[in-house]
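Residue numbers (our numbering), protein chains in the order written: chain U, -16 to 302; chain D, 14 to 229.
Be aware that a few hints might be false.
Unchecked claim - With a cut-off of at most 30 Å between alpha-carbon atoms, the simulated BS3-like pairs for lysine-lysine come out as follows:
hint : chain 1 : residue 1 : chain 2 : residue 2
1    : D       : 22        : U       : 278
2    : D       : 21        : U       : 278
3    : U       : -8        : U       : 237
4    : U       : 278       : D       : 30
5    : D       : 37        : D       : 21
6    : U       : 42        : U       : 117
Stated by the list, open to error - Selected chain D positions facing chain U (Cβ under 10 Å, derived; list incomplete):
hint : residue
7    : 31
8    : 33
9    : 34
10   : 35
11   : 38
12   : 39
13   : 47
14   : 66
15   : 69
Claimed, not checked - Label-pair distances were calculated between CB atoms; the ranges are:
hint : chain 1 : residue 1 : chain 2 : residue 2 : range
16   : D       : 148       : U       : 105       : 33 to 41 Å
17   : U       : -14       : D       : 31        : 29 to 37 Å
18   : U       : -2        : D       : 21        : 48 to 56 Å
19   : U       : 269       : D       : 168       : 36 to 44 Å
20   : D       : 30        : U       : 198       : 28 to 36 Å
21   : U       : 62        : D       : 26        : 44 to 52 Å
22   : U       : 259       : D       : 50        : 25 to 33 Å
23   : D       : 26        : U       : 45        : 44 to 52 Å
24   : U       : 281       : D       : 36        : 48 to 56 Å
25   : U       : 198       : D       : 42        : 33 to 41 Å
26   : D       : 45        : U       : 149       : 34 to 42 Å
27   : D       : 55        : U       : 62        : 37 to 45 Å
Simulated from the structure, these hints should not be mistaken for lab results.
Don't be surprised by glycine CBs; every beta carbon is placed ideally from N, CA and C.
Listed below, chain by chain, are the residues.
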Amino acid sequence: MTALEVAAKLIGALLVFLTLPLLVGQIEHKAMAHMQSRLGPMYAGGFHGWAQLVADGVKFAQKETIVPARADRRRVFELAPAVALLPYLFVLIVIPVGPQQSVHDLSVGVFFALAIVSVGVLGILMAGWSSANKYSLLGGLRAGAQLMAYELPLVLAAASIAMAAGTLSLNGIAHAWEWWWLPYQGIGAVVFFIAALAELRRPPFDMPVADSELVFGPFTEYAGLRFALFVLAEYAGIVVFSALTAALFLGGWKGPFLEHQLGWLWLLIKTLVLSFVVIWVRVSYPRLREDQLQKFAWAGLVPAALAQVALTGVVRVAT
Amino acid sequence: MTDETRKKKLPGSGLAKGLGVTLKSMTAPSVTQEYPHQRPDLPPRSRGVIGLLEENCTVCMLCARECPDWCIYIDSHKETQAPASEGARPRVRNVLDRFAIDYALCMYCGICIEVCPFDALFWSPEFEYATHDLLGLTHEREELREWMWTVPPPPADTTNAEPAKEVSGGGRPERVRPERATRSAESPSVVPPTAAQAAEGDPASAAETDADGTPP
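Just chain U, same shape as in the assembly:
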């Protein structure tokens, strides 16, 4: 692999990273509006408000960057958005977009992806701690507690599919995937997707940013571009976790035909469908209370994920 090839792949990943979250954000604007019998943005850009998020970005860029007087300025407060956003960019490196096609086919891809994604919560904790605001701190700690609870079912579900495929490489898992893995790994897929929702702090698991009690949680004191970066991190997270779910449990680049040429398209379709489900769930369900949220993880998802691991283990030993 030449240096030029690597550079082209990295630029491609960066472009995907900058455009897909905007697309998902726009889908959320429009889908949520129509689910609530509204129209959503209609004017920015002319046609059905397609440029609304561009306009939002311009607005955020124009805003004053306010840092609270008692915030932990240099070290923590200003770095937190980058710490929250960048992990999702690095995960894109290992996601396979076709047979033998990814920026880098890491042999421990699943491990790498889950480890890097968990770094994101550090940014949230940093933001909550350094803001010198009790609501931010509460939100940050709730985010930390939520990550502790939901990381376990997430990892267990991923471990189950890795056991079934016999490899930790994301591309290897996509290669080994067969259609009957849908029922076989179905519990794992559902657990993984729900835990991913919780990792993203998306409704109904948005207790850390519960606006009726914590203003906007760890992001309360942020303004301007730094706030925009946090919002971008949320939508990048939706894209990354949808792509991970698709790559692990839905066969990734596998499709009805032309897998070598159109693998990226099949993965993109699956990712967008899963992103739509994320939005759909957000509109449909109310927020879980903090204790319900913890109980759901420890008493619901962890046993389900363990059952899936046991099932996969039995099937692997038997065959």
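Put chain D on the given structure of chain U with help from the hints.
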């Protein structure tokens, strides 16, 4: 819901139902009307603004007195009118000088419209009269008269409804106007100078006062 029907439901069916509701309303047309580009379809009898049919106004002041906000300003003067026939006494009638409603105070209760005995006030669905100036919300009789053109005809009665009192007369026999002598306006000895002006200036209001205001 009884306990039995609750037992029969599948676990998670409520969650699925919630998803179904949102999906259904997503595919259904949305209810938003893009107002500046699309006129809102207002229901009949919308309370947009109050129009004044000043030909019907007799300056009885009921509306101004009943208004909870005291937002109706009425000025008037009395005019003496030539007697209808030789030897009769001259009549006095009210002439409207100013009728204004301050929409900065008005709370759109509609009591003035309810209370008007001569049907001079009406609801109009017009609502686009916002201004940058508080004083600009006080509208004088000319503007109130202009809004009368926007008052829609009352919606048709529902089937089997009893006819309106205005049509049926409330069951009473129709009133027959008694014959009376023609008015002799050219008797300079009793007519004060203002009466002739008023009589030619506002014939409708004068006729109204004759018919309903003063006893024959």
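Consistency of the hints with the structure:
Pair hint residue 22 of chain D plus residue 278 of chain U holds up; C-alpha atoms about 23 Å apart against a cutoff of 30 Å. Among the hinted pairs, residue 21 of chain D with residue 278 of chain U is consistent with the structure: their alpha-carbon atoms are about 25 Å apart, no more than 30 Å. For a cut-off of 30 Å, the pair hint linking residue -8 of chain U to residue 237 of chain U stands: about 21 Å separates their Cα positions. In summary, the hint linking residue 278 of chain U to residue 30 of chain D is supported, as the alpha carbons are separated by about 23 Å, within the 30 Å threshold.
For the hint pairing residue 37 of chain D with residue 21 of chain D, the CA-to-CA distance comes to about 25 Å; that is within 30 Å, so the pair holds. With a CA separation close to 28 Å, the supplied pair residue 42 of chain U and residue 117 of chain U stays within the 30 Å bound. Annotation: interface hint on residue 31 of chain D holds; nearest CB of chain U at approximately 4 Å, less than 10 Å. Interface restraint check for residue 33 of chain D: the shortest CB-CB distance to chain U comes to about 9 Å, inside 10 Å, so the restraint holds.
Because the closest C-beta pair between residue 34 of chain D and chain U is about 7 Å apart, less than 10 Å, the hint holds. Checking residue 35 of chain D against chain U by beta carbon gives a least distance of about 4 Å; that is within 10 Å, so the hint holds. For the restraint placing residue 38 of chain D at the interface with chain U, the shortest Cβ-Cβ distance is roughly 5 Å, inside the 10 Å limit, so the hint holds. Among the interface hints, the one on residue 39 of chain D holds; its C-beta lies about 4 Å from the nearest C-beta in chain U, closer than the 10 Å criterion.
The closest approach between the C-beta of residue 47 of chain D and any C-beta of chain U is roughly 7 Å, which is under the 10 Å cut-off, so the hint is satisfied. Hint status for residue 66 of chain D relative to chain U: violated, with the closest Cβ pair at about 39 Å, above 10 Å. Contact between residue 69 of chain D and chain U, as hinted, is not supported at the beta carbon level, the nearest pair being about 43 Å apart and thus beyond 10 Å. Against the hinted window of 33 to 41 Å, the Cβ-Cβ separation of residue 148 of chain D and residue 105 of chain U comes to about 59 Å, which falls outside the hint.
Take residue -14 of chain U and residue 31 of chain D: their Cβ atoms lie about 52 Å apart, and the range 29 to 37 Å is violated. At roughly 52 Å, the beta-carbon separation of residue -2 of chain U and residue 21 of chain D lies within the given 48 to 56 Å, and the hint holds. Separation of residue 269 of chain U from residue 168 of chain D is about 41 Å and conforms to the stated range, judged on CB atoms against 36 to 44 Å. At roughly 32 Å, the beta-carbon separation of residue 30 of chain D and residue 198 of chain U lies within the given 28 to 36 Å, and the hint holds.
Range check, residue 62 of chain U to residue 26 of chain D: Cβ separation about 47 Å, and the 44 to 52 Å hint holds. Distance hint check: the CB atoms of residue 259 of chain U and residue 50 of chain D are about 29 Å apart, consistent with the given range 25 to 33 Å. Taken as a hint, the range 44 to 52 Å holds for the pair residue 26 of chain D and residue 45 of chain U, whose Cβ atoms sit roughly 48 Å apart. Between residue 281 of chain U and residue 36 of chain D the beta carbons are some 31 Å apart, a value that contradicts the proposed interval 48 to 56 Å.
Taken as a hint, the range 33 to 41 Å holds for the pair residue 198 of chain U and residue 42 of chain D, whose Cβ atoms sit roughly 36 Å apart. Judged by the Cβ atoms, the range 34 to 42 Å given for residue 45 of chain D and residue 149 of chain U is violated: they are separated by roughly 53 Å. Between residue 55 of chain D and residue 62 of chain U the CB atoms are about 55 Å apart, so this pair departs from the stated range of 37 to 45 Å.
This entry does not satisfy hints 14, 15, 16, 17, 24, 26, 27, going by the numbered hints stated previously.
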